[in-house]
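Model the placement of chain B on the given structure of chain A, informed by the hints.
Those protein sequences? They're chains A and B, same order as listed.
For the first sequence, position 93 (counting from the first letter as 1) is numbered 93 according to this note's numbering, and the numbering increases by one without interruption.
For the second sequence, position 150 (counting from the first letter as 1) is numbered 150 according to this note's numbering, and the numbering increases by one without interruption.
What the hints contain is simulated information worked out from the structure, not anything from laboratory work.
All clues stand as given, with none of them false.
Under the rule of at most 16 Å between Cα atoms (straight-line distance), these lysine to aspartate or glutamate pairs were calculated in the EDC-like manner:
no., chain 1, residue 1, chain 2, residue 2
1, B, K99, A, E229
2, A, K291, A, D310
3, A, K12, B, E109
4, B, K5, B, D97
5, B, K99, A, E225
Predicted model only: the values in this text are computed from it and were never measured.
Listed below are the residues making up each chain.
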Amino acid sequence: MSLVGTVDNAEKYRKLNQKIEEIKNEIGKVIVGQDEVINQVIASILCDGNILLESNPGMGKTKMIHTLSNVIGLNFSRIQATPDLMPSDITGTHIIEESETGTDFVFQKGPIFANMVLVDEINRATPKTQSALLEAMQEKQVTVGNQSYSLDKPFFLMATQNPLEQEGTYPLPEAQRDRFMMKVELDYPDTDEEREIVNRFTNELDYSPQLNQVVSQASVTKMQEFTREVPIADDIRDRAIMIVKNTRKDHNLEYGASPRASIQLIIAGKARALVEGRNHVSNQDINAMAKPVLRHRIGLTFKAEKEGLDSDKVIENITNRV
Amino acid sequence: MKVEKLLRRLKIEFIKINFLQTCLDAMIVFLIGNLAVYTLDLEITGPYSNFHVLAGFTSVFFLFDLIYRVRKYNVELYEEKNPELNEILRTARDNIDNKNIASQALFDELVETAREVTSESIIPSQEIIKKVLVIGALCFLTIFSGLLNIHIEGPDQALFPELGGDNEGNQEQEIDVRNGSQILGEPTDIDIQERDLQFEIQGTGEASEQEFSFNTEDEEFTVDSTMSGLDEDRELAKRYSDSLRELEASE
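Chain A on its own, in the form it takes in the complex:
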């Protein structure tokens, strides 16, 4: 290995870290606080994973995702899920198009054909509509009729759900929850942050600061490839696997996480290392990513719920134990 080669590697790595830092700074122009959530969302993008965002209304979920799509130069579309939303409203449908040569069926693309898709209140859509998203999330393609259409790369689906109003909702089935790489929970901002939010959005009629596009679509794909290359020590990898395995035999859990969770916990750890500017996966990364990756993949027993435990506490106990 020549000296030039090693300098290049270090330089490339430093540049990548710089880009990620710039993305965070640009998002920070609009979003106040929520650093951990922003890191998790960026990590999910680097992992080419889908996100389930859960928070109370008015927390800036849509704003955050929209801002992020602008900064990383991706097409953005938003779907508001309602009980009468049909799968074809998402995927698109064939329409009759009249031309000089005659009439023909032409596929009219739905809002799913974007790089970043935000499905607001996904649990308000019927199971039939929710399942229409499955193929897009997993296979990165949609099938209408007997024809499949590939989605643009990169493709992210970010779904939100409101934890308060559960009436008239259709909770996501386990199979679909497992398709989401992370479930990110937004918490209320502290007083200083809330003061800053109020100042920003009350002093101007339409607060929209100039955002710079930091990376291109192609760069995002390269960054995703790069994320997979972040080295991890064998014992740290084994520990991540053991954390997931322990969810399957914890007495507080009705069911544990699947092997897909092991894969995604390790990839999420790699992405977090990159976001944190580290060139290797640390145990801290695995611990930090355990909750968002596992919390929607496990089911508490009735006894555990009665005792006041929640998914996060159980995961925390497991990570401390392993």
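Using the frame of chain A, we list chain B on its own:
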């Protein structure tokens, strides 16, 4: 590659430190053994001397101790003592074959960070000082016991008798010879000139069988030597005795 060299260097430094530790351990073992053998007046029998047996035992101990210590090597030892290398060394070791940018960046950082890392960080200084002091104390005791000729009454048995193989028989034989000379005293020449050897056998007990009937009677009988070579033997004994006398006289 630089990182491979680095990992090799760290291992060699670990081996060097443990070689030193093993040497000290072996010296302690040898000195304790030597002191015990001397003060307890133990004798290692067989074809080997005390020194050889102790040296052999110490060499075997040295070898096994060194192997045991070297097998315990892992990079986590360096990570424990150098927090800045925590997880980096392990990751580099486990991804040594990776050629991608991320791994190379990690290796570069590791080489840069590990520049300051030397074997000093993993030297158990206190342990080594203690061992050196123990060696000093043992040397002093050995010299002291030698000068004052200190011997503690120990069991009257030889160490490692099995080393001698069939020496046990030889030992018994030796004891028999010594006992015989003690009982019989110094051998003296007998005057056999013109003398008949007479044996008197007195029988006791009851007469039970005819062929031994003569024993029942208390009678004296003479046995004359009729052996053909007796005269020659007498002559030889006489000459031998004369030669000895001449030799004593000449001294």
